[in-house]
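**Q** With the hints as extra help, turn the sequences into a complete structure.
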Amino acid sequence: MDFGNDLDFLDQPEFGEPDFFTKAPIELMGPTLGLDIHQNEADFEEADINEDIGEIKSEGFCFKLAPDECPSEFARSLKHLGPKLADFKHGTTTLAFEYQDGIIVAVDARATQGAFIASNKVRKVIEINEYLLGTMAGGAADCQFWERYLAMQCRIYELRNSEKISIAAASKILADICYSYRGYGLSMGTMVAGSDLKKGAQLFYVDNDATRVRGQLFSVGSGSPFAYGVLDTNYKWDLTTEEAIALGIRAISSATHKDSASGGVVRVYHVNNQGGWTKIHDQLDVNEDHYKFENSKGLRGDGKEGFGKLKL
Amino acid sequence: MWNDSNKYDRGVNTFSPEGRIFQIEYAFEAVKMAATAIGIRTEEGVILAVEKKLPSRLMDPTSVEKIMEIDYHVGCASSGIAGDAKTLADHARVETQQHKFSFNEPLKVEAVTQSIADLATHFGEGSEGMKDKPMSRPYGVSLLVAGCDEDGPQLFVTDPAGTYLKYKACAIGSAAEGAQAYIKESYKDDMTLKEAEKLSLQVLKNVMEEKIDQHNVEVASVEKETGKFRIYRTAEVNDIIDTLS
Chain A
1 MDFGNDLDFL DQPEFGEPDF FTKAPIELMG PTLGLDIHQN EADFEEADIN EDIGEIKSEG
61 FCFKLAPDEC PSEFARSLKH LGPKLADFKH GTTTLAFEYQ DGIIVAVDAR ATQGAFIASN
121 KVRKVIEINE YLLGTMAGGA ADCQFWERYL AMQCRIYELR NSEKISIAAA SKILADICYS
181 YRGYGLSMGT MVAGSDLKKG AQLFYVDNDA TRVRGQLFSV GSGSPFAYGV LDTNYKWDLT
241 TEEAIALGIR AISSATHKDS ASGGVVRVYH VNNQGGWTKI HDQLDVNEDH YKFENSKGLR
301 GDGKEGFGKL KL
Chain B
1001 MWNDSNKYDR GVNTFSPEGR IFQIEYAFEA VKMAATAIGI RTEEGVILAV EKKLPSRLMD
1061 PTSVEKIMEI DYHVGCASSG IAGDAKTLAD HARVETQQHK FSFNEPLKVE AVTQSIADLA
1121 THFGEGSEGM KDKPMSRPYG VSLLVAGCDE DGPQLFVTDP AGTYLKYKAC AIGSAAEGAQ
1181 AYIKESYKDD MTLKEAEKLS LQVLKNVMEE KIDQHNVEVA SVEKETGKFR IYRTAEVNDI
1241 IDTLS
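Protein sequences, first through last, are from chains A and B.
Note that our numbering has the first sequence beginning at 1, numbered continuously upward.
Note that our numbering has the second sequence beginning at 1001, numbered continuously upward.
The set of hints was computed from the structure by calculation and includes no laboratory data.
Within a straight-line C-alpha distance of at most 27 Å, the following computed DSSO-like cross-link-like pairs (lysine-lysine) qualify:
no. : chain 1 : residue 1 : chain 2 : residue 2
1   : B       : 1100      : A       : 279
2   : A       : 121       : B       : 1100
3   : B       : 1228      : A       : 198
4   : A       : 297       : A       : 309
Residues from chain A that keep clear of chain B, each with C-beta distances beyond 12 Å, as calculated:
no. : residue
5   : 80
6   : 179
7   : 238
8   : 245
9   : 276
Derived CB-CB ranges, DEER-like:
no. : chain 1 : residue 1 : chain 2 : residue 2 : range
10  : A       : 285       : B       : 1090      : 43 to 51 Å
11  : A       : 242       : B       : 1105      : 34 to 42 Å
12  : A       : 242       : B       : 1166      : 49 to 57 Å
13  : B       : 1215      : A       : 197       : 24 to 32 Å
14  : A       : 285       : B       : 1224      : 42 to 50 Å
15  : B       : 1166      : A       : 73        : 51 to 59 Å
16  : B       : 1215      : A       : 213       : 43 to 51 Å
17  : B       : 1230      : A       : 276       : 15 to 23 Å
All C-beta atoms, glycine included, are put in the ideal place defined by N, C-alpha and C.
**A** Dropping the structure here:
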């Protein structure tokens, strides 16, 4: 069936039938993923991905693709055909920075669908395992699923090698997944923050283009320019943990007050240099702290700050 | 016993007229030739103890991995072809993690054992042309699977035929018969874990050819209290050996 680049397939009577879509087996992604699931044969019989790609046996995870020969083209064409259909804005503010005693990770909690605030309580820090944290920006499902998959791969690594996986390797696994699915429409802007006993705490930025960079300070999302403003002004390597936590909160708080797609509560985690992390704040209401910050700047909000200071 | 064996024993797909598949029975012989392994289950947990048959003192004992952790709550000891043992244990590891991925819970000990036994009938999984294609021969290894889940501490034994059975205590390998007899004498349902530790090493001491020491045996346990599978350090093994008669 040739669908071309139009949306008529939605009207086809067979739409929704199990065989209607082609299946992209995870085997296509190569041996890097090493998945060995033996699923129910009834559901996932040996399926071919269309003849152009050749015969690939399908086992285990099967992701239904858009019914198009070239999914990346399809993703691009959607922008013209249906401008609002697959628009994943990274409406969020997440940040993480390394300092002398580890890493601070701070995130907001808002999810928006256009102008509609879907939730103010989203958990944008994913606890991958006891020594790795991942942040979420972009598509929530993509981040959650693949970071959970990353947790599985880290544990299998531990069992096979009798030692914990390095943060560099863990972030590479995630980046390689993103590379395999390049052009298929994954949306992920994530920071992998972790700690191992050999190298202490390390921070990596990984996104859906398979960009992977190590760094000391990152902020991701629509509110990131505002967070960077606060972070870059006050960041020092030699912060104490208390100061670092306060900086993280302050940066997210400022971003939530300038960016409509960020808000809700602030969640703060601390990754130490000894191979673990702790949750510092589960939900800190930015509204309460906002007035504290304003007052500390000398603003009372009544517009009368100047009264009594005029000299006539 | 092996009367018809010359006619019907070459093909692993061939039954003899008496209904036996000789290749699989020969696979059992691979286990009977291998180093002894013992498992003892108590109300407090399960003990695994294996003999590491070191061919020479030039060999590094830490490189002989007879006991393998499968997940936090379950592990196994092997007797037979080492490569087959590692393949089966690795398969079990992947199964436990995939179960956790999909269902957010640890895989039950019986299910772990079942996933290992399932490989035996097909000599592997997957199909031709894939990375994990099946072997052309049966697995030549028996595994003692020890773990703890909501049903308490459990010990299972798998064999090359793909059977698995639950045991209170079991010995496999070259000295299995002798070891099993010793265990039967001394096993009690209400044994403590410490008593089981001592019994397992005492039995190994009695059936091993070499003199027992902390380098040529490996010990592991799953305790009901912690629910964790743990391989003992050589110093701990040494402490138990010191208490033996």
